[in-house]
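**Student:** Put chain Z on the given structure of chain B with help from the hints.
First to last, the protein sequences are chains B and Z. Using this note's numbering, the first residue of the first sequence is number 1, and each one after it goes up by one. Using this note's numbering, the first residue of the second sequence is number 698, and each one after it goes up by one.
Because the hints were derived from the structure by calculation, they are not lab data. Where is the CB? At the ideal position from N, CA and C, for every residue including glycine. Some hints here could point you the wrong way.
To be verified - Pairwise CB distance ranges (calculated):
1. R1178(Z) with G518(B): 52 to 58 Å
2. K65(B) with S1111(Z): 48 to 54 Å
3. S402(B) with D757(Z): 52 to 58 Å
4. G683(B) with A1243(Z): 39 to 45 Å
5. G390(B) with S1122(Z): 29 to 35 Å
6. T1179(Z) with A567(B): 55 to 61 Å
7. D958(Z) with P340(B): 29 to 35 Å
8. Y1260(Z) with S646(B): 18 to 24 Å
9. P340(B) with E1156(Z): 52 to 58 Å
10. S732(Z) with P293(B): 53 to 59 Å
11. T1179(Z) with E486(B): 56 to 62 Å
12. Q1098(Z) with D277(B): 29 to 35 Å
13. Q1381(Z) with N542(B): 26 to 32 Å
Number of protein chains: 2
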Amino acid sequence: MLERMFDPNSVAVIGASRKEGKVGRAVLENLMQNSELTIVPINPGADEILGLPCYPSIMDVPDDKKVDLAVIVVPAKFVPQAIDECGQAGVGNVIVISAGFKEAGVEGARLERECISLCEQYGIDMIGPNCLGIIDTASGLNASFAANMAYEGNIAMMSQSGAICTVTLDWAERIGVGFSKFISLGNKATLSENDFLKMFEEDDTTAVIAAYLEGVKDGPEFIKIAQRVSRSKPIIIVKSGRTSVGSRAVSSHTGTLAGSDAAYNAGFKQAGVIRADSLEEMLDHSRAFSVCPLPEGRNIAIVTNAGGLGILTADACYNAGLSIASFEESTVERLREKLPPAANFYDPVDVLGDAGADLYAHALDAVLDDINVNGIIVLVSPQSMTDVPGIAETVAKKIQQSKKPILCNFAGGSRIAAGEDVLNSYGIPNYSSSERAVASMNALCNYFTIKKRKQEEPEKLNCDVKAARSFIDTASEGKRRTHGLESLDILKAYDIPVVDSRIAKTLPEAIKAADDMGYPVVMKILSPDISHKTDVGGIRLNLKHADDIERAYNSMMSDVRHYMPDATVTGVQLQKMVSGGKEVIIGMDRDPQFGPLLMFGLGGTYVEFLKDVSFAVAPISASEARHMVSSIKTYPLIAGVRGEASSDIDSIIQTLLKVSQLVTDFPEILEFEINPLMVMPEGQGCVAMDIRFTLDS
Amino acid sequence: MLERMFDPNSVAVIGASRKEGKVGRAVLENLMQNSELTIVPINPGADEILGLPCYPSIMDVPDDKKVDLAVIVVPAKFVPQAIDECGQAGVGNVIVISAGFKEAGVEGARLERECISLCEQYGIDMIGPNCLGIIDTASGLNASFAANMAYEGNIAMMSQSGAICTVTLDWAERIGVGFSKFISLGNKATLSENDFLKMFEEDDTTAVIAAYLEGVKDGPEFIKIAQRVSRSKPIIIVKSGRTSVGSRAVSSHTGTLAGSDAAYNAGFKQAGVIRADSLEEMLDHSRAFSVCPLPEGRNIAIVTNAGGLGILTADACYNAGLSIASFEESTVERLREKLPPAANFYDPVDVLGDAGADLYAHALDAVLDDINVNGIIVLVSPQSMTDVPGIAETVAKKIQQSKKPILCNFAGGSRIAAGEDVLNSYGIPNYSSSERAVASMNALCNYFTIKKRKQEEPEKLNCDVKAARSFIDTASEGKRRTHGLESLDILKAYDIPVVDSRIAKTLPEAIKAADDMGYPVVMKILSPDISHKTDVGGIRLNLKHADDIERAYNSMMSDVRHYMPDATVTGVQLQKMVSGGKEVIIGMDRDPQFGPLLMFGLGGTYVEFLKDVSFAVAPISASEARHMVSSIKTYPLIAGVRGEASSDIDSIIQTLLKVSQLVTDFPEILEFEINPLMVMPEGQGCVAMDIRFTLDS
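Chain B on its own, in the form it takes in the complex:
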């Protein structure tokens, strides 16, 4: 059905108008650019519009004009009726351009829900409301009120902002960038990015997927789909509302509930999405993907006629994590053959200021043939002898033939313009700075890794779900939503080792428990009212015999009564003292968009200030868990430094996977934290020392 949306035989415009400046006229005119299309204006007040016979309602359209798609531009309050009539008339696709829905307040939100129910009732696919429309260059459809039509191309673009569609189309028109499909998503009442990702995956005219999003509609589904699609086509997304300030603006703008940026970063990463930092970067990357083969490594050659630009570009490569290539000796010899003696024959290759197109061609051929070069950045400055268009012509031809990516920065203004024109005529981007070219080269390199990554499903672990269920049901019965140390044993159901511990309600019980377990032990206060035990003197370490227990018990009770006289104390917990390990934290926060967001980090105060933690959306695979552990900056401290033994990293990974499954199995767990998980040296496992989780009420 969605194909008919983009390649209809007959399109109705509900709210068509002949009045200049009206959206109902702009849409009609855009549609009329395609002479093969049957176009049906709907307007009760006219017999014909722009020479087309007009009907009072979609239901009056004769059968031989069977409408595949209706574009609705009437005021919001009339839209539900229009959709209802579409349903009755058997129209399967609608685009609601009209604004005044969820983004406009309570009444708008009610109207939007009404539209959604009608679409469900009739099985209608709807884009919008509150959008600019769609363009399909292959079918020649322009069902939008955009002022610019898109050129044909292989980039599919979707945007949650109509204005950003406008900006992008205007930008593309100026420099000749083409699109396969162009979709203004609007409020995403029914169809969303997830549906279009699937469509783009199947679409032969699309090679690159670009999007501006303010949020995703269904995070887990998005990850699942994008993970698959990103194996065949690059997905480049600029996601706004990254920050708390930005997020506030989002909610006043489209009413989207923006997920936390950590969740987006994690979710996009797992999905294989290339996240662009700005609209400009999204467009830059899209163009690079649209014309370039993928680099098979991160070694970049720079060819320049200006040493200074070469250095700046080498700096940018280094900052992006790209390497400057080390050439084969034969490449250096080949460069030496034709370049002047003062040239630089090593990377960055400096062909010198008076180089013509022939020297650029020679240098490019030489570095392209070098097996140590995976991609090339060409820099051209307009020096007095420089034949800018000639060099552009040569470079453009090399780019078209090359099996390695070549990006260029013709740097300057007036005299560079002629070169840009030549490049544009070949459909080849000129980056306005070498830093931008390097950023897009880096995106190409990153995508090569994404594309070739192994497919790996989260493993389904064999856990005692029933035991955990009964634990959680019991915990849910009380009034408290947050549970701590006393619930440590829930971890046992998921086979996570917990420290040997006993609960004691009285001093004699405590002494007996410690005697049973063996010394030394740690004593912790048990109270539903106390969350920061240290602050009230509620933890005593290294108790070595019964006397220590007695002294510690009495002074702890007195301290706690002093600091929190109103706290209900249910007793103490005695734990076997664990030493020789490193403290780490495994946590989970349920994100509104993506669901369970796992966190990993080292324990201790440093980490708190340095925010050295990693995130992933559960359920995770083993390699995602391994990546979580290895991607924190303090990883060397667990992996072993200065001859220190490595910690048992495999046991951390296993624990992450078990927590991942636990929080996936039990959506009622809103927050969860093992803190600390004590990790012993390699081969000696880990053990959970304390826990804290919150259940949905």
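**Tutor:** Same frame as chain B, but now just chain Z:
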């Protein structure tokens, strides 16, 4: 004299040529653009060139043509002779355009040194060699072979790369950016950035100073001059060779010995320089400074006709550390008066897609009048109703009248071009992305802070230089260049508290020393061959009585013999055990460009991996020392967190100042480190526990 360089009455071109494509002709033609200038071609093979009488040598020029400036374009090997003749003829200024000097190898370097001596001998000011020349738009001088002449403007630009001059001039020509002076620095054999900073400071036509540098010639002098100049005019520098990869390219390019990037970051910061990350950013910032008043705070209002762009811009502001403004209620009311009800009246202000110039004007007036707004970003997307040039006209006029900075991003391509033309005609920049506009707004905000900062000289402390001198002289006598624990007492000369410690050569001496000092003590091995004491069992902590000393001494000697049988052991050092403090490190590394580069950081393994340290070039002032301490990320750990007492930060600052003075007083100290400096709780001072320094041989 330097003024004559830029405003000469008579200019000679040594190596003038009539041949098309020759530099000697290009320079002549550029000079001839100024009809008031006396131009004297020098070429032994011609009587006249381009209608000007030509002389075989500068010495043959008649007295009435008294040459103020000679531009030399003859091959490198003839340049010394040409300078010699200039000297004899009394020419005070030369620009050597010719290449083939230091950048070309050993023979070139010799030629360059010859030129330098000749300039010194005759008192000649020289720009270059290996440069493009200079332009002065006020005097109308174009003494370069650049293909583009600069427009008049208030930006002074200097560049160590001739090609980057070319790129910048070409860029400026396209969009109409003007310059006061334009200088290609070349190899900086005599005149360097320091000389021109002083000149720009005095130059009334210059309001903004921009530079591309690959290194500075004299770091300490640069800091001194730039610190003063940056109080009156912004200095924006892009410094290449930031990274090791980039640095390698620098040395093959101009032979400049590039300083470490940490030193450049520290030096630029102390000097009040705004460091741009790319050429594009340097140009962006320069344009912003060239037209904008300074913002008096960091609260930014955004005015947009596209919600999505507004959010992206708010994100960019947040990331840059700028705030989105909170408007006065009266501003919101005023916006509400004229904007449509669906508009957003809070920051970012959304005037909606169909807004005309009048609504933009109204919104701009309202937010400009709000006392909570320090700067404004205007965003314009080309929607179907948008009058792009009309809005540009309105915005340009507001910018010209405004006392607050306004930067704009007209976003798009084809339909935006007309708006860009209007802005350019007013000399107002259009940023191609809102992120770039935000980055330049941030630079304006940062410069406001730089400009108003208090002037503070490094305090001269009262130290016992003589005692330190004799200590260092004694240390220099031996063969060793690196000195450790045994030299701890050098710190006493600079009034830095050191831990109470004694040296003992035998076990009985060790026991006596410990008894004298009082227990507990720490014992450390003393050996010129052992630098990592822990690795060989060379440290024992918490020795509580004579028995402990005996056991520790014997086992340490046996361990050390085991690990390093060949090490010369001179004895042990006994130190009073210090507890209850936090370990920090104060270090110094002598940078080739900037000299003594101080480092500060917390002790411990975390910091090593997280590289959480700060730098400053000595000598430092008290507020620079304070900034060093407070700018590390783990600062909260010293300042006191979670009810912990603050460490004695003043004592750290004092120690930093004393080390700063020590390494300034003794240039023969190449490396220096107090590690650890044990900092006690507030009011209880700090104490140096160990030291390590290397002396020049």
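**Student:** Please go over all the hints and tell whether each is borne out by the structure.
**Tutor:** Each hint tested on the structure:
With their beta carbons about 56 Å apart, R1178(Z) and G518(B) fall inside the hinted range of 52 to 58 Å. For the hinted restraint 48 to 54 Å between K65(B) and S1111(Z), the CB-CB distance of approximately 35 Å leaves it violated. At about 57 Å, the CB distance of S402(B) to D757(Z) agrees with the hint of 52 to 58 Å. Between G683(B) and A1243(Z) the beta carbons are some 42 Å apart, a value that agrees with the proposed interval 39 to 45 Å.
Judged by the Cβ atoms, the range 29 to 35 Å given for G390(B) and S1122(Z) holds: they are separated by roughly 32 Å. For T1179(Z) paired with A567(B), a C-beta distance near 58 Å keeps the hint of 55 to 61 Å intact. Checked against the hint of 29 to 35 Å, the pair D958(Z) and P340(B) passes, with Cβ atoms roughly 31 Å apart. Checking the proposed 18 to 24 Å range against Y1260(Z) and S646(B) shows it holds: the Cβ atoms sit about 23 Å from each other.
The supplied range of 52 to 58 Å is met by P340(B) and E1156(Z), whose beta-carbon atoms lie about 55 Å from each other. Against the hinted window of 53 to 59 Å, the Cβ-Cβ separation of S732(Z) and P293(B) comes to about 55 Å, which satisfies the hint. Taking the beta carbon of each, T1179(Z) and E486(B) are about 57 Å apart, inside 56 to 62 Å as hinted. Checked against the given bound of 29 to 35 Å, the beta carbons of Q1098(Z) and D277(B), roughly 34 Å apart, stay inside it.
The supplied range of 26 to 32 Å is met by Q1381(Z) and N542(B), whose beta-carbon atoms lie about 28 Å from each other.
The structure shown violates just one earlier hint, number 2.
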